[in-house]
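Colleague: Build out the structure end to end from the sequences listed, making use of the hints.
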Amino acid sequence: MAQIALPSIDYSVILQLVIIFGSATALLIVDLFVPAGRKRITALLAFAVTVVALVAGQYSTAGTTLAGAVSYGPMSQLVNIIILAATAISILLASDALPKQGIERGETYILMLLASGGMLLLSQGSSVVMLFLGLELLSIALYVLTAIAFPRLSSEEAGLKYLIIGAFGAGFLVFGIALTFGATGYLTLSEIATHIPTSGIERGYFWVGVTLMLIGFGYKVSLVPFHMWTPDVYQGAPTPITAFMSVGSKVAGFVAIVSILQILGTELLVLRPILIGVSIATMAVGSIVAISQTSIKRMLAYSSISHAGFVMLGVLSGDANGLQAAIFYLAAYTITNLAAFAVVMLLEANDGSDMSIADLTGLWQRHPWLSVVMSLALLSLAGVPPTAGFFAKFLIITAVWQSGLAWLAVAAAVASAIGAFFYVRCMLQMYSGDSETSEPTRIPLTSMIAMIVVTVAIIVVGLAPWTITSALALAQ
Amino acid sequence: MLLTPRQATGMQRSIAGLVSIINLVLAVIVCVSLAPTAGYQMVEQQTWLPAMGLHYAVGVDGISVWLVILATLMTPLAIFAARQQTDGNQRAFYALLLLLASSLIGAFVATDLLLFYVFFELTLIPTALLIALYGVGERRAAATKFFVYPFVGSVFLLVSIAGLVYVNWQQTGVMTFDSVALSAAIANGTLKIDENLERLLFAGFFIAFAIKTPIWPFHTWMPQAQAATPDNGSVDIAGILVKIGAYGFIRFAIPFFPHASAWAAPAVAILAVISIIYSGIIAFGQRDMKVLLSYATISHLGFVMLGIFSQTAEGMSGAILTMINSGITTGALFLIVGILARQPGGRIADNFSGAWLSAPRLGSLALVAVFASIGVPGLNGFIGEFLALQGAWVSPHIGFTFVVFAVLGIIVSAAYLLRMYRTVFMGEVSVTSAVPEASKSELLVLGLLVVAMLVIGLYPQVVLGTMQPSIAALVQSLTQGATQP
Numbered sequence: 001m002a003q004i005a006l007p008s009i010d011y012s013v014i015l016q017l018v019i020i021f022g023s024a025t026a027l028l029i030v031d032l033f034v035p036a037g038r039k040r041i042t043a044l045l046a047f048a049v050t051v052v053a054l055v056a057g058q059y060s061t062a063g064t065t066l067a068g069a070v071s072y073g074p075m076s077q078l079v080n081i082i083i084l085a086a087t088a089i090s091i092l093l094a095s096d097a098l099p100k101q102g103i104e105r106g107e108t109y110i111l112m113l114l115a116s117g118g119m120l121l122l123s124q125g126s127s128v129v130m131l132f133l134g135l136e137l138l139s140i141a142l143y144v145l146t147a148i149a150f151p152r153l154s155s156e157e158a159g160l161k162y163l164i165i166g167a168f169g170a171g172f173l174v175f176g177i178a179l180t181f182g183a184t185g186y187l188t189l190s191e192i193a194t195h196i197p198t199s200g201i202e203r204g205y206f207w208v209g210v211t212l213m214l215i216g217f218g219y220k221v222s223l224v225p226f227h228m229w230t231p232d233v234y235q236g237a238p239t240p241i242t243a244f245m246s247v248g249s250k251v252a253g254f255v256a257i258v259s260i261l262q263i264l265g266t267e268l269l270v271l272r273p274i275l276i277g278v279s280i281a282t283m284a285v286g287s288i289v290a291i292s293q294t295s296i297k298r299m300l301a302y303s304s305i306s307h308a309g310f311v312m313l314g315v316l317s318g319d320a321n322g323l324q325a326a327i328f329y330l331a332a333y334t335i336t337n338l339a340a341f342a343v344v345m346l347l348e349a350n351d352g353s354d355m356s357i358a359d360l361t362g363l364w365q366r367h368p369w370l371s372v373v374m375s376l377a378l379l380s381l382a383g384v385p386p387t388a389g390f391f392a393k394f395l396i397i398t399a400v401w402q403s404g405l406a407w408l409a410v411a412a413a414v415a416s417a418i419g420a421f422f423y424v425r426c427m428l429q430m431y432s433g434d435s436e437t438s439e440p441t442r443i444p445l446t447s448m449i450a451m452i453v454v455t456v457a458i459i460v461v462g463l464a465p466w467t468i469t470s471a472l473a474l475a476q
Numbered sequence: 001m002l003l004t005p006r007q008a009t010g011m012q013r014s015i016a017g018l019v020s021i022i023n024l025v026l027a028v029i030v031c032v033s034l035a036p037t038a039g040y041q042m043v044e045q046q047t048w049l050p051a052m053g054l055h056y057a058v059g060v061d062g063i064s065v066w067l068v069i070l071a072t073l074m075t076p077l078a079i080f081a082a083r084q085q086t087d088g089n090q091r092a093f094y095a096l097l098l099l100l101a102s103s104l105i106g107a108f109v110a111t112d113l114l115l116f117y118v119f120f121e122l123t124l125i126p127t128a129l130l131i132a133l134y135g136v137g138e139r140r141a142a143a144t145k146f147f148v149y150p151f152v153g154s155v156f157l158l159v160s161i162a163g164l165v166y167v168n169w170q171q172t173g174v175m176t177f178d179s180v181a182l183s184a185a186i187a188n189g190t191l192k193i194d195e196n197l198e199r200l201l202f203a204g205f206f207i208a209f210a211i212k213t214p215i216w217p218f219h220t221w222m223p224q225a226q227a228a229t230p231d232n233g234s235v236d237i238a239g240i241l242v243k244i245g246a247y248g249f250i251r252f253a254i255p256f257f258p259h260a261s262a263w264a265a266p267a268v269a270i271l272a273v274i275s276i277i278y279s280g281i282i283a284f285g286q287r288d289m290k291v292l293l294s295y296a297t298i299s300h301l302g303f304v305m306l307g308i309f310s311q312t313a314e315g316m317s318g319a320i321l322t323m324i325n326s327g328i329t330t331g332a333l334f335l336i337v338g339i340l341a342r343q344p345g346g347r348i349a350d351n352f353s354g355a356w357l358s359a360p361r362l363g364s365l366a367l368v369a370v371f372a373s374i375g376v377p378g379l380n381g382f383i384g385e386f387l388a389l390q391g392a393w394v395s396p397h398i399g400f401t402f403v404v405f406a407v408l409g410i411i412v413s414a415a416y417l418l419r420m421y422r423t424v425f426m427g428e429v430s431v432t433s434a435v436p437e438a439s440k441s442e443l444l445v446l447g448l449l450v451v452a453m454l455v456i457g458l459y460p461q462v463v464l465g466t467m468q469p470s471i472a473a474l475v476q477s478l479t480q481g482a483t484q485p
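Line by line, the protein sequences give chains A and B.
Quick note on numbering: the first sequence equals residues 1 to 476 in the numbering used here.
Quick note on numbering: the second sequence equals residues 1 to 485 in the numbering used here.
The hints are simulated quantities; they were obtained by calculation from the structure and are not laboratory data.
Incorrect hints may appear among the rest.
With the Cβ distance kept under 7 Å, some of the chain A side facing chain B (calculated, not the full set) [said to hold, decoys possible]:
no., residue
1, Pro385
2, Ile397
3, Gln402
4, Leu405
5, Ser416
6, Ser432
Remember, it's a predicted structure, so these values are computed and weren't measured experimentally.
Ideal Cβ placement from N, Cα and C applies to all residues, glycine included.
Modeller: The following block contains the structure:
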């Protein structure tokens, strides 16, 4: 029997992945020895791992390894920073919010680490197989996390829903990969790009394959019409998990979509009308349906759908400006959404029951600072200056103009105007009326730190956008 | 501001008042030291986002300096009016007022388009919060409408800004948001915008500024918001200032799109005239004095729009003067209504009668303010409206037909303001409606405002002199731009 030849591995390229996966496995064992009731130790260890991985990003070397399957470059460096920072903040928030609801499980934090490893793989993967692997790692960890509030029914239901819909998405992706491989004979993205069939049945297979792959990731980032699961899962999952998946899987999913679209090069124009339709539908459905929501988590779910449409606008323009704008948007969306969910986590009832927008009434009197954080988050989601969300929206609109789609910029403006309505209505709810409960909410230290970080980030990015744009310009 | 202790409300008010008065003094110093030339002075520039040509660029010229003075004058006035504010968080109240003032000043001095946009939007947040936190009645609905309606307009402004900058970049290869550079490029013909595109871009600017101004039919947010503001008038006084819309027309929309604005001038003039007459008729039916005054403001703004779109030096000067006048006179009237609203009668004019007998000083000052608002010669309102109408008359775009209808509006405004005055101050005094005389400090502040009305009315050159060079340059560049093919 012939020896199986293992490709050479350059560990400095996959340093962050090694750290995350290695420590996650080690932590699983460590967690056995952490006594129940003190699972915060696991959380802090997991947090430390993400911080180490963040720092390790500086020492990784750019390049490609594992026979072209994984690569690391300036763009993935930046995306990894977003993913790891989001994970770190989510872990901090979860370590306060989950025990409050009686969910005291060390494996939560380890699963979050594994999910973030999957996200990193999506950002670094340069072969379709790696993209699939990343998606599955990410999804399976999130299925479990969604249902982790066992035996709470809503959480289990959400987990099952997510699993079934996610399996659909994965099925599309695998089938797409198979067709693409069949049509081109290659698995790495760069080789597929140079071997796009120009005619015959292979070309048909190729297009169907690419489309199916996009659908697979379209589920993950909840583009219309693959968004149906989003509100239910966001509502049912424990809030820290919702926060984590609303930002992490969206960032990772979009990076994968960008990788796939980059295969196409100039042939992107063929798909463009479809992509435009999808992004308009996504923005419209997200912002219009959000108006009628009464649950705050469902409202944020629809808002996340509408934001996916905005990111898609940047992605589909296909040029460097659009891509920069999309990444900026994702970064801004990440910090903003984390801030919004952090407030929800602190305010929601201890039994984890769903919180309605009306529960925000009078928050200003109960807890002025929380309402300031929430207002900033909502204003940033609406795209009002001087917040991060404003510049994100501005860059997207500029990028869309520059790719010659002026009318699409107007459509985006209309969608964001509709969005502003429910964000502002929700914001003003906090400043009017008297609250029913008068007891002030106690803010634990770790949540406080996490919240201060994201709130400051919203303002800093809003006032000094060059902090991100200069890094983006380098990454090009 | 937020650092001051929660209980020490007096101290908070003093600090807020002090800060705002220092601002006013600084603004006057700036105004006096302004050299009588066109163009921006005291320019300050910092790179903001170099890749996109964004700058933090501010400067003042003869036009913006008066609006800055107005903003800094209204802030202490609003703080003064707010001393009756008893409920709610005082710190936040004054902090929001000062935030509103600084974003207004920011919008008036910004020379970078995007920076202007940022301040333009920023004014919404504190005002909406002031209404939601300290308002009365349907305050949340009013605050939401107050925020969302103008916001909808301004997203179109954002798209148009992006478009304009992009077109400029395509043609000249320079990525800039500098309004001076952009309007210069249009005036000297280096930047030529396709006719249809120009109209579309203009439409984006127009929607945003018309809602903000507001002119009919985009005005519906205003009376509702005004009805929900606190009785003492503090927020209204600050609110009068949210007239950056008219400023935006003068500074940005018209210089950027000379052809489109000439093309649209008759239509805008029709809207302006409808605004004047319609708001007059509605105001006539109002019993709530604050809502009445808000319609009076809308009608003033109709004159402003007529003046601006006449695109003549007279019209533009008149428009700016009317903006300043509207701030001073309506501000004074809001202050008076705030004083009256302390009585059980509240803000409803019919609940009062014979106030003159018990409060003659207040009554006489109110009479001057009402006359100024109507536009009686010798007071400030007259000069502004006269110039605006004169400009409209001689303007090639508008003509005298509009002026005739606008004058009808003046008559209507005389009718409803005088009727309000008569109901409140004349007649027999009854036991329930007796109004005590205003306090000395209130009379002093009102007196100062009345002096300002007289000075501007008798010697308008005080204001006009400073703005003349800037206006002349503006009109010149307009005619230059309009003659470019």
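Colleague: None of the hints should be skipped; say for each whether it holds.
Modeller: Here is how each hint holds up against the structure:
no.: 1; hint: Pro385; in the structure: 4 Å, holds
no.: 2; hint: Ile397; in the structure: 5 Å, holds
no.: 3; hint: Gln402; in the structure: 6 Å, holds
no.: 4; hint: Leu405; in the structure: 11 Å, violated
no.: 5; hint: Ser416; in the structure: 6 Å, holds
no.: 6; hint: Ser432; in the structure: 4 Å, holds
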